[in-house]
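Take the sequences, apply the hints, and build the full model.
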Amino acid sequence: MKILALDASGLVAGVALTEDDTLIAEYTTDYKKTHSQTLLPMLDELKKMVELDLRTVDVIGVAAGPGSFTGLRIGAATAKGLGLALGVKLAAVPTVDALACNLYGCEKVICPMMDARRGQVYTGLYTFEMCGGVLKTGDRAAGAEDSGAGVRNGISGTSGKDTGIEESSMEMRVLMRQCAMSVQSLADEVNRLGRETVFLGDGVPACMEMLRPLLRVPFALAPSSCNRQRAAAVAVLAGLMAKQGRLVEADDFSPEYLRVSQAERERMEAGEAQRKLMRAGITPHTKE
Amino acid sequence: MDSVKEEVLILAVETSCDETAAAVVRNGREVLSNVIYSQIDLHTLYGGVVPEIASRKHIEKINPVIRKALSDADVSLPDITAVAVTYGPGLVGALLVGVSAAKAIAFAADKPLVGVHHIEGHICANYIENKELEPPFLCLVVSGGHSHLVMVKDYGVYEILGRTRDDAAGEAFDKVARAIGLGYPGGPKIDRVSREGNPDAIHFPRAKVDDNVYDFSFSGLKSAVLNYLNGCQMKGLEINQADVAASFQKSVVDVLVEHSMRAVEQYGAKRFAIAGGVASNSHLREALQEACGKREIPFYRPSPVFCTDNAAMIGAAAYYEYRKGIRHGWDLNAVPGLKLGER
Numbered sequence: 654m655k656i657l658a659l660d661a662s663g664l665v666a667g668v669a670l671t672e673d674d675t676l677i678a679e680y681t682t683d684y685k686k687t688h689s690q691t692l693l694p695m696l697d698e699l700k701k702m703v704e705l706d707l708r709t710v711d712v713i714g715v716a717a718g719p720g721s722f723t724g725l726r727i728g729a730a731t732a733k734g735l736g737l738a739l740g741v742k743l744a745a746v747p748t749v750d751a752l753a754c755n756l757y758g759c760e761k762v763i764c765p766m767m768d769a770r771r772g773q774v775y776t777g778l779y780t781f782e783m784c785g786g787v788l789k790t791g792d793r794a795a796g797a798e799d800s801g802a803g804v805r806n807g808i809s810g811t812s813g814k815d816t817g818i819e820e821s822s823m824e825m826r827v828l829m830r831q832c833a834m835s836v837q838s839l840a841d842e843v844n845r846l847g848r849e850t851v852f853l854g855d856g857v858p859a860c861m862e863m864l865r866p867l868l869r870v871p872f873a874l875a876p877s878s879c880n881r882q883r884a885a886a887v888a889v890l891a892g893l894m895a896k897q898g899r900l901v902e903a904d905d906f907s908p909e910y911l912r913v914s915q916a917e918r919e920r921m922e923a924g925e926a927q928r929k930l931m932r933a934g935i936t937p938h939t940k941e
Numbered sequence: 065m066d067s068v069k070e071e072v073l074i075l076a077v078e079t080s081c082d083e084t085a086a087a088v089v090r091n092g093r094e095v096l097s098n099v100i101y102s103q104i105d106l107h108t109l110y111g112g113v114v115p116e117i118a119s120r121k122h123i124e125k126i127n128p129v130i131r132k133a134l135s136d137a138d139v140s141l142p143d144i145t146a147v148a149v150t151y152g153p154g155l156v157g158a159l160l161v162g163v164s165a166a167k168a169i170a171f172a173a174d175k176p177l178v179g180v181h182h183i184e185g186h187i188c189a190n191y192i193e194n195k196e197l198e199p200p201f202l203c204l205v206v207s208g209g210h211s212h213l214v215m216v217k218d219y220g221v222y223e224i225l226g227r228t229r230d231d232a233a234g235e236a237f238d239k240v241a242r243a244i245g246l247g248y249p250g251g252p253k254i255d256r257v258s259r260e261g262n263p264d265a266i267h268f269p270r271a272k273v274d275d276n277v278y279d280f281s282f283s284g285l286k287s288a289v290l291n292y293l294n295g296c297q298m299k300g301l302e303i304n305q306a307d308v309a310a311s312f313q314k315s316v317v318d319v320l321v322e323h324s325m326r327a328v329e330q331y332g333a334k335r336f337a338i339a340g341g342v343a344s345n346s347h348l349r350e351a352l353q354e355a356c357g358k359r360e361i362p363f364y365r366p367s368p369v370f371c372t373d374n375a376a377m378i379g380a381a382a383y384y385e386y387r388k389g390i391r392h393g394w395d396l397n398a399v400p401g402l403k404l405g406e407r
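Read top to bottom, the protein sequences are chains A and B. Under the working numbering, the letters of the first sequence match residues 654 to 941, in that order. Under the working numbering, the letters of the second sequence match residues 65 to 407, in that order.
Derived from the structure by calculation, the hints contain no laboratory data. Keep in mind that a hint or two might mislead.
What the hints assert, rightly or not - Partial pick of chain A residues on the chain B-facing surface, computed with a CB cut under 8 Å:
1) THR681
2) ASP683
3) TYR684
4) SER689
5) LEU699
6) LEU707
7) THR709
8) ILE727
9) ALA729
10) ALA730
11) LYS733
12) LEU737
13) GLU820
14) SER821
15) PRO908
C-beta: ideal position from N, C-alpha, C; glycine also.
Okay, here's the thing in structure tokens:
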């Protein structure tokens, strides 16, 4: 299965092409240009370099959010346009899950963070676990069971045949689903788990100073080879979703912002304040 | 421009504000489809366009709108010659949805990409229903975001004679409509209510701009209306909504007509056209019709569906750009403050 993956959710822009277990090409940039200036030129470069016939692409994977609203929409509109023109479906890959997937095999707690402004981060908590019996026979298809909303995502290589010891697969377990939360609340969650934790993501430079004094567990920061969004990781999760039949029509896809717009929030807050006053028996003053 | 008449089919996309639109246009003047999804009900809740909400809605609607434009025109992507898209001016987040989708479609379908200036689109809307109209002509572009008096010297060649120094004409309509309790969008509401009002009931100022006789200023007029309303309130006088609307509207129309006709005379324009959302205003259309009639020059105005933001006009503008050899790269970005005539 040939998967074309895009990620424009954060500061990094990335495109990748995978076929089954092979990463054919990947292009990542973290540069001051906007994603609308980088994403499609990078894809064009990739296409030329590996002589990609776009009509052979089976699925388009896209980092579906959370992330920068504008970045998410550049990725989404690009994926939707490609989907419309090529007649293929999309895999809407949760951004934070894909980030965690960068640290395949890590049995510590994995904590991706993206700067969400207003003192918050988009984050989640994950870990990898070895699973499957050592003496099990036959292929254990990665993520064969749809465990509902991607709570358990299996990632595995091909199974060994002659060794007598079955290759196991590692499953990514979601300890806390991706969400927007304050740095303080995140520290509370990490401390509650009480396990060694690896942090990554473009939220690390932005929020580590605030987070560091709050942590009560040993922690480390991932290095540059794997500490930002990688479109290849989006492709891996897109492949799993495709196998599980969890694809969406390009026309129906919208990003997962995890937040309402400021105008909606203020409108709801105003409505809530008014309801409180009414409950307290105070009629709000309105101009005649 | 080569004279060989190959058939050019343009798929055009427009998402600069709160309309998600796509169209298919043949040879710049024949509209095969024109699909507009208006978000106006959504923004009415907030009394104006909320950029983030508009951008989110564009993402939801962009593919169905493009798909419908293709099916209404009974064409498929391989039949298309080029893909065109508005890349400015407008709301950056809104523009980016159309720009990103159009680029991806052009890229995947292996078609050339033509970026179009939104105002140029409005001007070119006049070509759609007036097959005989060709440059040079003078055009008044008035909408919620723009007020320009433009000499169209040739296809894609513009000289801006005047522009607003503050509020756009449509913006003044929206603000005054809100102040007199008509709500959003102000243009059509004031137009309707004014029919029952006396346009000479209140004299509001006609602002002049010192160093350029063709420039506009509408913020003073808006303040004058607000002062009048406050004055009435303090004196306990009843406000006649229809009279205020009609008098305000007359003041705007007078200024637009006066500046336009001064330019017609000064520049010896042989044709005059209007464009943009406010060009739907019935009083403005009547007044300009009369003024052009007096000077015996033809007056062109698009039907209301081509005055509002739409993609057919982008397809019309893109055709002339395409014929000139204008192509944009995959790095085309949204330019919220794009100037007319800039590339």
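Now the hints, each set against the structure:
1. Because the beta carbon of A:THR681 sits about 17 Å from the nearest beta carbon in chain B, more than 8 Å, this interface hint is broken.
2. The interface hint given for A:ASP683 is violated, since its Cβ lies 17 Å from the closest Cβ of chain B, which is over the 8 Å cut-off.
3. The restraint placing A:TYR684 at the interface with chain B is violated, with a minimum CB-CB distance near 12 Å, outside the 8 Å limit.
4. Because the smallest distance between the Cβ of A:SER689 and any Cβ of chain B comes to about 5 Å, under 8 Å, the interface hint for this residue holds.
5. The closest approach between the C-beta of A:LEU699 and any C-beta of chain B is roughly 12 Å, which is over the 8 Å cut-off, so the hint fails.
6. A cut of 8 Å between beta carbons decides the hint on A:LEU707: the least distance to chain B is about 6 Å, and the hint holds.
7. The beta carbon of A:THR709 comes no nearer than 12 Å to any beta carbon in chain B, farther than 8 Å, and the hint placing it at the interface is violated.
8. Checking A:ILE727 against chain B by beta carbon gives a least distance of about 5 Å; that is within 8 Å, so the hint holds.
9. At a threshold of 8 Å, the smallest CB-CB gap from A:ALA729 to chain B is about 6 Å, leaving the interface hint in force.
10. Hint on A:ALA730 holds. Least Cβ distance to chain B is approximately 4 Å, under the 8 Å limit.
11. Taking 8 Å as the C-beta contact cut-off toward chain B, the hint placing A:LYS733 at the interface holds, the least distance being around 5 Å.
12. The beta carbon of A:LEU737 is positioned within 8 Å of a beta carbon in chain B (closest approach about 5 Å), and the interface hint is therefore held.
13. Given hint, A:GLU820 at the interface with chain B, is violated; its Cβ is 38 Å from that chain's nearest Cβ, farther than 8 Å.
14. Against a cut-off of 8 Å between C-beta atoms, the interface hint on A:SER821 is violated, since the closest Cβ of chain B lies about 39 Å away.
15. The interface hint given for A:PRO908 holds, since its Cβ lies 7 Å from the closest Cβ of chain B, which is under the 8 Å cut-off.
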